[in-house]
Amino acid sequence: MSIDLTFVGQIIVFVTMVWVLKALLYTPINDAMANRTKKIEDGLAAASAGVEAKSIAEAEAEAAIAAAKNQAQGIVSAAERRAAEVKEESVLRARKDAAAIVDAGKEELKAEVGRARQDLRKEVASIAISAAEKIINVEIDAKRHARIIDDTISKELATA
Amino acid sequence: MATEEHADGTEISAHLDYWVYQFDADNAFMQIHLDTMLVTLVVAGLMLGFSLWLRGRIVAGAPTGAQNAVEGLVGFVNDTVHDNFPVHNPIIAPLALTIFTFILLCNTIDLLPAYLLGHTAHLFGIEHFRPVPTNDLNLPVAMALTVFAMVLYYEFKLKPVHFMKELLLQPFASLLLDSKNPMVKLLGVALIPLNFTLKIIEEIAKPLSLSFRLFGNMFAGEVIFLLIAMLLLASSMEQLTTVGGIFAQLIGIAVGVGWSLFHMFIGLLQAFIFMILSVVYLSIAHQPVEH
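These protein sequence lines are chains B and X, in that order.
Residue numbers for the first sequence follow numbering that gives the first Met the number 0, so the first one is 0 and each next one is one higher.
Residue numbers for the second sequence follow numbering that gives the first Met the number 0, so the first one is 0 and each next one is one higher.
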């Protein structure tokens with residue numbers, strides 16, 4: 000139990016071990032740990048940046064969808080308005096056309112009636128003439144005949 | 000052999016002799032403890048081999064097995080150094096790591112049965128063999144003085160003026176020298192040698208306590224192992240075949256196991272204490288000067 004040359008030997012061993020372990024064990028392990036820590040920190044930072052970017056993108060997408068919805072609603076309501084207008088217009092036009100057709104029919108009918116009356120009058124005259132011819136052919140009795148002609152004419156005129 | 004020495008009571012002291020090679024029989028310093036050197040070199044070689052083995056297989060990703068264990072150790076040492084040091088010095092953490100692992104491994108050799116390595120050495124014709132190098136005062140003193148030399152180096156390198164002042168003027172003189180009274184000032188100057196002596200004692204106490212704490216703990220543990228072995232374990236077949244011999248043997252094994260567990264804890268604790276005190280002493284040397 001004494002201090003001797005072992006002491007010197009132990010100092011040499013100890014100092015060598017510090018140097019060796021620093022170079023071969025501590026530094027590589029410490030570097031590996033530091034690198035890993037840095038990598039993990041970078042990864043976490045990237046992840047949080049990604050989450051932020053995602054939330055921003057989501058907000059943008061939501062805004063775009065809302066704008067699109069607004070626009071679509073506008074387009075639909077405009078189309079509906081236009082459709083109502085078109086419908087009303089066509090109804091009005093149909094009604095007008097119908098009235099015009101009815102008026103034309105009435106006028107045509109009136110003209111037809113007038114024409115028929117004219118034809119009838121001509122027919123009455125021809126009948127009267129034929130009757131007169133017959134009477135003339137059967138007997139000529141000026142007085143009676145005159146009276147008959149007058150009666151006939153007056154009767155025909157009265158009915159016309 | 001141990002059994003033959005049992006009767007005259009020299010067994011324990013016989014087990015406390017070193018395997019010595021003397022360069023000069025007249026000079027007690029000129030000898031070397033071959034057992035301490037051999038075991039230390041084996042431990043150092045194992046650590047070197049382990050480092051080389053591990054260095055080739057360090058992975059960047061999640062560590063497993065040995066790398067995980069060493070990373071835990073390195074992280075623990077880094078935290079300890081980081082908590083204590085005001086500035087960064089790249090040598091401190093490897094130093095602390097070396098102190099801790101080296102002392103721990105040397106202490107752990109104590110868990111081998113007390114006579115095993117000694118008797119193995121006897122087979123090779125070596126008369127005395129002390130397996131645990133931390134039991135040898137040379138190792139703790141060598142480590143403590145290396146740390147002390149580093150403390151002095153950093154004190155002189157980082158704050159030479161402040162350190163010299165502290166060496167000569169603390170604890171008595173600094174207030175006296177500030178005084179206006181010339182007599183008081185003279186007293187302050189006269190007290191400088193006393194200050195110097197006190198400060199030297201204070202500084203020397205650091206490596207002294209550091210080394211003797213480790214040495215004392217490990218030496219006492221070794222002696223208790225030897226006592227358990229000598230008092231409780233049977234040393235011959237006749238002893239073992241009696242009822243009392245078997246009983247003593249069982250008690251001896253139980254006590255030995257108990258002390259082994261406790262001593263393992265002491266070895267870990269002493270390695271930690273040696274490391275943390277070295278870090279603290281060095282951190283004191285690194286503390287910036289306060290005005």
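These are computed hints drawn from the structure, not numbers from a lab.
Since the model is a prediction, treat every value here as computed from it, not as a measurement.
Hints are not guaranteed to be accurate.
Claimed, not checked - With the Cβ distance kept under 8 Å, some of the chain B side facing chain X (calculated, not the full set):
(1) Leu4
(2) Ile10
(3) Val12
(4) Phe13
(5) Met16
(6) Ile28
(7) Met32
(8) Lys37
(9) Ile39
Stated by the list, open to error - Below are the DSSO-like pairs computed for lysine-lysine, each with C-alpha atoms no more than 27 Å apart in a straight line:
(10) X:Lys184 x X:Lys164
(11) B:Lys109 x B:Lys121
(12) B:Lys21 x X:Lys156
(13) B:Lys38 x B:Lys53
(14) B:Lys21 x X:Lys184
(15) X:Lys156 x X:Lys179
Glycine included, C-beta positions come from ideal geometry on N, C-alpha and C.
Cross-check of the supplied hints:
1. Leu4: holds, 4 Å
2. Ile10: holds, 4 Å
3. Val12: holds, 5 Å
4. Phe13: holds, 5 Å
5. Met16: holds, 5 Å
6. Ile28: holds, 5 Å
7. Met32: With Cβ-Cβ at 6 Å, under 8 Å, it holds.
8. Lys37: Hint on B:Lys37: violated, closest Cβ of chain X at ~11 Å, above 8 Å.
9. Ile39: Violated, about 10 Å.
10. X:Lys184 x X:Lys164: Distance of about 16 Å is within 27 Å: holds.
11. B:Lys109 x B:Lys121: The given pair, whose Cα atoms are some 19 Å apart, holds under the 27 Å limit.
12. B:Lys21 x X:Lys156: Answer holds: B:Lys21 to X:Lys156 is near 22 Å, not above 27 Å.
13. B:Lys38 x B:Lys53: holds, 22 Å
14. B:Lys21 x X:Lys184: violated, 50 Å
15. X:Lys156 x X:Lys179: Judged against 27 Å, a Cα distance of about 33 Å means the pair is violated.
The structure fails hints 8, 9, 14, 15 (numbered hints given earlier, in ascending order).
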